[in-house]
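2 protein chains.
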Amino acid sequence: MTNGTNLPLEQGASRIVISVDAMGGDHGPAAVVAGLATSAERDSTLHFILHGDEAVLAPLLDRRPVLNGRCELRHAPRVVTMQDKPSQVMRHGEGTSMWSCIESVKRGEATVAVSCGNTGALMAVSMIRLRKLPGVNRPAIACLWPSRNPGGFNVMLDVGADIKADADDLLQYAAMGASYARNGMNLARPRVGLLNVGTEEHKGRAELKEAHDRMIAGAAEAGSYEFVGFVEGGDIPSDRVDVIVTDGFTGNIALKTGEGTAKLVSDFLKETFNSSWISKLGALLALRSLRALQRRIDPRRVNGGVFLGLNGTVVKSHGGADATGVAAAVNLASQLARSGFLDRLAARVASAGRAGQDAPDGTNRDQTE
Amino acid sequence: MTNGTNLPLEQGASRIVISVDAMGGDHGPAAVVAGLATSAERDSTLHFILHGDEAVLAPLLDRRPVLNGRCELRHAPRVVTMQDKPSQVMRHGEGTSMWSCIESVKRGEATVAVSCGNTGALMAVSMIRLRKLPGVNRPAIACLWPSRNPGGFNVMLDVGADIKADADDLLQYAAMGASYARNGMNLARPRVGLLNVGTEEHKGRAELKEAHDRMIAGAAEAGSYEFVGFVEGGDIPSDRVDVIVTDGFTGNIALKTGEGTAKLVSDFLKETFNSSWISKLGALLALRSLRALQRRIDPRRVNGGVFLGLNGTVVKSHGGADATGVAAAVNLASQLARSGFLDRLAARVASAGRAGQDAPDGTNRDQTE
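Those sequence lines, one after another, are chains A and B.
Here the first sequence stands for residues 1 to 369, where the numbers follow this note's numbering.
Here the second sequence stands for residues 1 to 369, where the numbers follow this note's numbering.
Honestly, the hints are just simulated from the structure, not real lab data.
What you were told as hints is all true, and nothing was included just to trick you.
Repeated chains share a single entry, so a pair holds when one copy, or any two copies, can fit it.
DMTMM-like cross-link-like pairs, simulated, lysine to aspartate or glutamate; straight-line CA separation at most 20 Å:
hint, residue 1, residue 2
1, K164, E210
2, K203, D84
3, K164, E200
4, K263, D239
Between the sequences and the hints, there should be enough to build the whole structure, so can you do that?
This is the structure in structure tokens:
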């Protein structure tokens, strides 16, 4: 077993500690440990607290020298499965690796938690242990979406923390999403759009119209974002918006529909290339470029829904994440930890009327906000 | 000007008359007339009543000999634009090509109407002129979605007729969608799924849980479909379901998200092939196969949302439809006209308790229902 939390800081870079749930993902703890090793190789300031079955994890860690002295193991005998109901886990979840993982953030030992487990259970445990930020009614899950923007991604929230949202919630999602875009994507003044069935002002549900009017009336100014109005499903990957705001029911359906469509087109493309020897040859010649495309739309690269609105940052990795996916989630977690994202977000939510608290560089408010 | 409505029937096939709105699409009446010519060449039983500005349309028709004697022109001086509000068109729409187009179906001159115009206005005019089928609370728009099923498509509804739906509406959408799948896609016993944020029974909104329980309790049996339970966004293009039922807000977002994602992947693919001379060569070799792929996921091929639940069938073609898209919408319209779809659907809705009225072949109920 390795223990790294008492090691001295490396020179010139501040140490980041991430709490990781080793269990509950489809590929098991070996994929998680492999992902941590990949991340650790890339970034020497990263340290981990790994939660799960010691008998399983210790041998896996022993085979990864790069994690030696940088990964503390915390034994947790129980595992939350994908079938467990959130309400059950919330009441009887102590002793699970997921619960233990969130506890490390609650106790301040780690800045961000990462888990590949059951999303509903993870949100339930995060809610009950970390509690909501003062002023937040409904926390949200934000995801990154491949887009035509220069940075390559847009943010969408909520993608499934709750199944409904009123106008107040939508306004809070906008402020939190904009803060996330500033700190996670270095956008000084993110453009926010409200997801609707049309861009005309008279369209859509009552709570959308109310949120629309309040954003124009001052909420956008207070939240230091630019409001671009209603956007449609086709605009989610576009370059006319950075942050797409919607309720968790619609956002979850849109996210899974987008993933499913990309998978369908990609499968059809493979069939296409296998349909004749001449197209096989063509694919062979274009292989390098096709691999670049695959990386560009690879869901593993954008792996990590972020829970916003809690007293602690939690990154939810895809249940099916392999080592590459886990490394991407850890990369996102470390970026958020390094930016001091949570403090900025909390300040933003606590004083929605004042602007500027969550600028990436606090000394540079005029330029970035 | 040509006049075909009084021509004698051709031998061996019954004559189908389709009412077509020539105006209001992005590509203008020339694309519509070109699409009709394509359809007329393929199917000699097709006849049209074309609505729009005579001065514009007559010269276009004169250049298409195949439409000679098969296309009656009805002058309508006004056009509904994409910016017009549905409520305005509903009150003051007389004299527009859209209104005139729906009138032909109302008067029984044509079996199905086709328009590329403003969706909201088309639904409003269809509602006020054709009226809802007895027993229908909310009409719905059904679309076809490229899928892994043998037929190549799934049906989804509602994709935007209304922005909400209660449990009664969802049950009616299921019955109407199943009827459409039987008659438009020749599926004897369609599999119906309810779109939700998870497949577990405890998930989702109250109206979804109620509809779920009532489908199991007997509505599926009465509607002669198989209920597969909740499905997620990723299942929309899958082969585990034929008909996806959802409210019009969620359905519209999912539809546009799917289209936008397919477009994004396709644009990225083009950039990929243009990124080096060797991948250009690869693309050249695979050209035939890539064109086959393009046809497979071409939104023009699945062009045509169908309005269900009215006393008349209306096919809404994409506003951006070119000649190929218009021909696809006309093809769908003629298939629905030929199957006697509307009578079967009306019987199904009127007596939701009895099964078998909308079997594709009325003499063959046991086998098909």
